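All chains, please: the whole structure from these sequences, using the hints.
Protein chains: 2
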Amino acid sequence: MTETIGKVFGDITVSADGYSAGLDQTEERPFGADGGDGTGSKLHAWMFDHADENRAEIDLILDAGAFIMGRNMFGPVRGEWDRPWNGWWGEDPPFHAPAFVLTHHARDPEQMKGGTTYHFVTDGIEAALAEARAAAGARDVAILGGATTLNQYLAAGLVDELRLHIAPFTLGAGTRVLAGVPPLQLEQVSSRAATAITHLTYRVR
Amino acid sequence: MTETIGKVFGDITVSADGYSAGLDQTEERPFGADGGDGTGSKLHAWMFDHADENRAEIDLILDAGAFIMGRNMFGPVRGEWDRPWNGWWGEDPPFHAPAFVLTHHARDPEQMKGGTTYHFVTDGIEAALAEARAAAGARDVAILGGATTLNQYLAAGLVDELRLHIAPFTLGAGTRVLAGVPPLQLEQVSSRAATAITHLTYRVR
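Quick mapping for you: the protein sequence lines, in order, are chains H and Y. Heads up, the working numbering is the position in the first sequence plus 20, with the first residue counted as 1. Heads up, the working numbering is the position in the second sequence plus 20, with the first residue counted as 1.
Derived by calculation from the structure, the hints in this document are not laboratory data. In this text, all values refer to a predicted model and were calculated from it rather than measured experimentally. Mixed in with the good hints, there may be bad ones.
Identical copies carry no separate label here, and so any pair may be met within one copy or between two of them.
Cross-link-like lysine to any residue pairs, in silico, SDA-like; alpha carbons within 25 Å at most [claimed, not checked]:
1) Lys27 to Thr123
2) Lys27 to Glu47
3) Lys27 to Asp83
4) Lys27 to Ala216
5) Lys27 to Thr215
6) Lys27 to Leu206
7) Lys62 to Ser210
8) Lys62 to Arg183
9) Lys62 to Ala199
10) Lys27 to Thr168
11) Lys27 to Arg183
12) Lys133 to Ala175
13) Lys62 to Thr168
14) Lys62 to Trp105
15) Lys62 to Val224
16) Lys27 to Arg223
17) Lys62 to Thr24
18) Lys62 to Leu206
19) Lys62 to Arg212
20) Lys62 to Gly85
21) Lys133 to Arg159
22) Lys133 to Asp112
23) Lys62 to Ala214
24) Lys27 to Val224
25) Lys133 to Ala53
26) Lys133 to Ala193
27) Lys62 to Gly157
Listed below in structure tokens is the structure:
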């Protein structure tokens, strides 16, 4: 009897020069200086301004049974948890599943509305993945970012599938996907162009 | 009366992490350590092993009326021209048009078979572009690379269109396209997936 387990995928939006966020993240600007006007993420316009056209790619992310993210993706708080912060996604986050946040600072889980619970993992990427796998069961585990977190998982050989959404501008500086990752052999699974984004899916060999 | 002039396009093949060549270029290995077995360019397999499928993209490159390349794309000779070297492309290169090679070391033009003449330009990227435009007339000027050369043209605002061919592997090190280039606003003109390559075309605003 074969046990079905989900895959581990990384899913991240990058500029044409490979940055997933600009410099100078703040509470008002989760993606830093990403070329937008500061009212939203220019990188993620494909998700928010063109959601209908990109529904398949959005659903593939949200279908995961558990999520992993780095602390800087979770929020702008650095060091100790010195103020209330429950992510950028409001009281009813879109994950509807356990979401594991990598941090050096322990914190009790936060149960949100709609099935999302934030768990704070202080013992590294492999421990977070083990917890996420256990939570996801037969479903996939999504590594959402930021690039620093995803790069650690890629370098450790823990990612089965890499999805890049390439936005039509360059940033010139910021946090770069695939930086510091040893050479990877990829298999191009699919590539789809939408109005102002190109979706690339690779199997990592 | 409007004078028709061609556009200036950059056309380059990159790894999924944005490198157009690996480290350690040699005469036997024009693209350095690009992950191949040393007998050819792994980055450019789409051109050579799958030419039929990618005929449109190849023709778009070769339709240019003049070409520009950096000296390291032209060959492995560094410093003075201390040995005979007429490019990697044999006696009848595929360009069939003037090709301008940026170098710090003056050299007389080399007329090859089939209409290709190599001109060696020692007074910088703008001078090379002016010569290429004059040679191309109403046709396009192609900036072929390497990344260092293309990045200089992009940073100087001299490129109208950027074509990236994204190969399904990462290199982890090498010469990176768009590195050191100030933020650019791009317009996604087209995106096409072939078997093991994704072709992206951007208009540079």
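Results of checking the hints against the structure:
Taking the closest pair of Cα atoms, Lys27 and Thr123 come within 25 Å of each other only inside a single copy of the chain (23 Å); across copies the shortest separation is 50 Å, beyond that limit. With identical chains, the CA atoms of Lys27 and Glu47 are never at most 25 Å apart, being 32 Å at best within one copy and 42 Å at best between copies. Taking the shortest Cα distances, Lys27 and Asp83 sit within 25 Å of each other inside one copy (12 Å), while across copies they are farther apart (44 Å). When the C-alpha separation of Lys27 and Ala216 is checked against a cutoff of 25 Å, the pair qualifies only between copies, where the shortest distance is 22 Å, while the shortest distance within a copy is 28 Å.
Taking the shortest Cα distances, Lys27 and Thr215 sit within 25 Å of each other only across copies (23 Å), while inside one copy they are farther apart (29 Å). Taking identical chains as interchangeable, the C-alpha atoms of Lys27 and Leu206 lie at most 25 Å apart only when both belong to the same chain, with a minimum of 15 Å there against 34 Å between chains. In the homo-oligomer, the alpha carbons of Lys62 and Ser210 lie at most 25 Å apart both inside one protomer (24 Å) and across protomers (20 Å), since each shortest distance falls under that limit. In the homo-oligomer, the alpha carbons of Lys62 and Arg183 lie at most 25 Å apart both inside one protomer (18 Å) and across protomers (22 Å), since each shortest distance falls under that limit.
In this homomeric assembly, Lys62 and Ala199 come within 25 Å of each other (Cα to Cα) both inside a single copy, at 22 Å, and across copies, at 20 Å. Taking the shortest Cα distances, Lys27 and Thr168 sit within 25 Å of each other inside one copy (20 Å), while across copies they are farther apart (38 Å). Taking the shortest Cα distances, Lys27 and Arg183 sit within 25 Å of each other inside one copy (13 Å), while across copies they are farther apart (33 Å). Taking CA atoms no more than 25 Å apart as the test, Lys133 paired with Ala175 passes in neither setting, with 34 Å inside one copy and 47 Å between copies.
For a Cα distance limit of 25 Å, the shortest separation of Lys62 from Thr168 inside one copy, 20 Å, qualifies, whereas the shortest one across copies, 28 Å, does not. Taking the shortest alpha-carbon separations for Lys62 and Trp105, only the intra-copy value of 23 Å comes in at or below 25 Å, while the best inter-copy value is 47 Å. Taking the shortest Cα distances, Lys62 and Val224 sit within 25 Å of each other only across copies (17 Å), while inside one copy they are farther apart (28 Å). In this assembly of identical chains, the alpha carbons of Lys27 and Arg223 lie at most 25 Å apart only when taken from the same copy (10 Å versus 37 Å across copies).
When the C-alpha separation of Lys62 and Thr24 is checked against a cutoff of 25 Å, the pair qualifies neither within a copy, at 38 Å, nor between copies, at 35 Å. Taking the closest pair of Cα atoms, Lys62 and Leu206 come within 25 Å of each other only across two copies (13 Å); inside a single copy the shortest separation is 28 Å, beyond that limit. For a Cα distance limit of 25 Å, the shortest separation of Lys62 from Arg212 qualifies both inside one copy, at 20 Å, and across copies, at 23 Å. In the homo-oligomer, the alpha carbons of Lys62 and Gly85 never lie at most 25 Å apart, since the shortest distance is 27 Å inside one protomer and 37 Å across protomers.
In this assembly of identical chains, the alpha carbons of Lys133 and Arg159 lie at most 25 Å apart only when taken from the same copy (21 Å versus 60 Å across copies). When the C-alpha separation of Lys133 and Asp112 is checked against a cutoff of 25 Å, the pair qualifies only within one copy, where the shortest distance is 5 Å, while the shortest distance between copies is 68 Å. For the identical chains of this complex, Lys62 and Ala214 are intra-copy neighbours only, at 16 Å inside a copy versus 28 Å across copies, given an alpha-carbon limit of 25 Å. Only within a single protomer do Lys27 and Val224 lie at most 25 Å apart by alpha-carbon distance; the minimum there is 11 Å, versus 37 Å between protomers.
For a Cα distance limit of 25 Å, the shortest separation of Lys133 from Ala53 qualifies neither inside one copy, at 30 Å, nor across copies, at 51 Å. With identical chains, the CA atoms of Lys133 and Ala193 are never at most 25 Å apart, being 36 Å at best within one copy and 44 Å at best between copies. In this homomeric assembly, Lys62 and Gly157 never come within 25 Å of each other (Cα to Cα): the closest approach is 34 Å inside a single copy and 38 Å across copies.
Violated hints for the displayed structure, listed by number in ascending order: 2, 12, 17, 20, 25, 26 and 27.
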